[in-house]
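Enquirer: Input sequences plus hints: build the corresponding full structure.
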Amino acid sequence: DVKVTQSSRYLVKRTGEKVFLECVQDMDHENMFWYRQDPGLGLRLIYFSYDVKMKEKGDIPEGYSVSREKKERFSLILESASTNQTSMYLCASTMITGSVPGELFFGEGSRLTVL
Amino acid sequence: AQTVTQSQPEMSVQEAETVTLSCTYDTSESDYYLFWYKQPPSRQMILVIRQEAYKQQNATENRFSVNFQKAAKSFSLKISDSQLGDAAMYFCAYREGAQKLVFGQGTRLTINP
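Chains A and B, in that order, are what the protein sequence lines are.
Quick note: the first sequence uses my numbering, first residue 3, plus one each step.
Quick note: the second sequence uses my numbering, first residue 861, plus one each step.
Do not take every clue at face value.
[What the hints assert, rightly or not] In silico DSSO-like cross-links for lysine-lysine, where the CA-CA straight-line distance does not exceed 27 Å:
1. K59(A) <-> K960(B)
2. K57(A) <-> K20(A)
3. K5(A) <-> K915(B)
4. K960(B) <-> K57(A)
5. K930(B) <-> K55(A)
6. K72(A) <-> K960(B)
7. K20(A) <-> K59(A)
8. K960(B) <-> K73(A)
Derived by calculation from the structure, the hints in this document are not laboratory data.
Keep in mind it's a predicted model, so treat the numbers as computed, not measured.
Expert: Encoded structure:
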C-alpha cells in the first residue's frame, strides 16, 4: 500500500515563527502536492512538484514556500506564520502515469494553529 | 480556471437508504476526469470513484455510482444501502492539467442509525 506520512498531526505555533511541515511518500511517486483545507472552501492547492528540485505555484502560494531535495520528501515552509494560516494542511502524491489517472494518495493531515 | 461547486454543505440519510450528493463544474475542455474523494473523520482521504468525460457510461464501484451529465456539467454521487462507515466528508474534484486536481467545497454526510 502507498503510504504518505506527514511528520506532525497537530502543531501550535506563534505568529512570526518559521514553520516546517514535512511529507514523505514511499511509492516513488513523481508528483507531490500541498493542499490547504478550510471549512466551506474545500481543498486549495498551495504548491506542487513534478520532480526533484522542481516546484510550481498553485492557487494560493502567498506566504508559503516549498522544498523538494529528494524524490520522496516534499516540505512546506511558512517563513513567518500568521493567524490566517491556521488550517489543516494535506500532502498528497501520485504517479505521472498509472492505471488510475488522477488518483492522489493523501497523508493524514497536519492541523496547524497559529496564535 | 476550472471551478467545482458542491452546493450541499451537509447531508444526512438513514442507514440502508440511498443518498445523492451533487456536484457541478465549469470547464471548456472536452476530455477530462472527474472524481469523488471520501475523507472519514480523522482519517486519510481516499478515492471513491472516477469518471472519464469521453465515456458515456456512468462509473460504478459497488454501492457507489455516479450520474454524469456532460452537457449540464453535473457529476453527482449516489450511495446505495448507506452504511455507518460511509459517514465522511465527500469532495468532488476535476483534473486540471497533468495531475493537478481542483476540489469542491465538500459535503459532510451523516448516517443516521
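Enquirer: Can you confirm whether the C-alpha distance between K5(A) and K915(B) stays at or below 27 Å?
Expert: Measuring from Cα to Cα gives roughly 31 Å; hence the hint is violated.
Enquirer: For the pair we were handed, K930(B) and K55(A), check the Cα-Cα distance against 27 Å.
Expert: Roughly 38 Å between the alpha carbons, so the hint for K930(B) and K55(A) is violated.
Enquirer: Straight-line Cα separation of K20(A) and K59(A) no greater than 27 Å?
Expert: holds, 20 Å
Enquirer: Is the straight-line distance between the alpha-carbon of K57(A) and that of K20(A) 27 Å or less?
Expert: holds, 20 Å
Enquirer: Verify the proposed pairing of K960(B) with K57(A), using a straight-line Cα cut of 27 Å.
Expert: holds, 13 Å
Enquirer: Going straight from one Cα to the other, do K960(B) and K73(A) come out at no more than 27 Å?
Expert: Within the cut-off at roughly 18 Å; holds.
Enquirer: Are the Cα positions of K59(A) and K960(B) separated by 27 Å at most?
Expert: Holds: K59(A) and K960(B) sit about 11 Å apart, inside 27 Å.
Enquirer: Assess, step by step, whether the Cα of K72(A) is no farther than 27 Å from the Cα of K960(B), and give holds or violated.
Expert: holds, 20 Å
Comparing the model with each earlier hint shows violations of hints 3 and 5; every other hint is respected.
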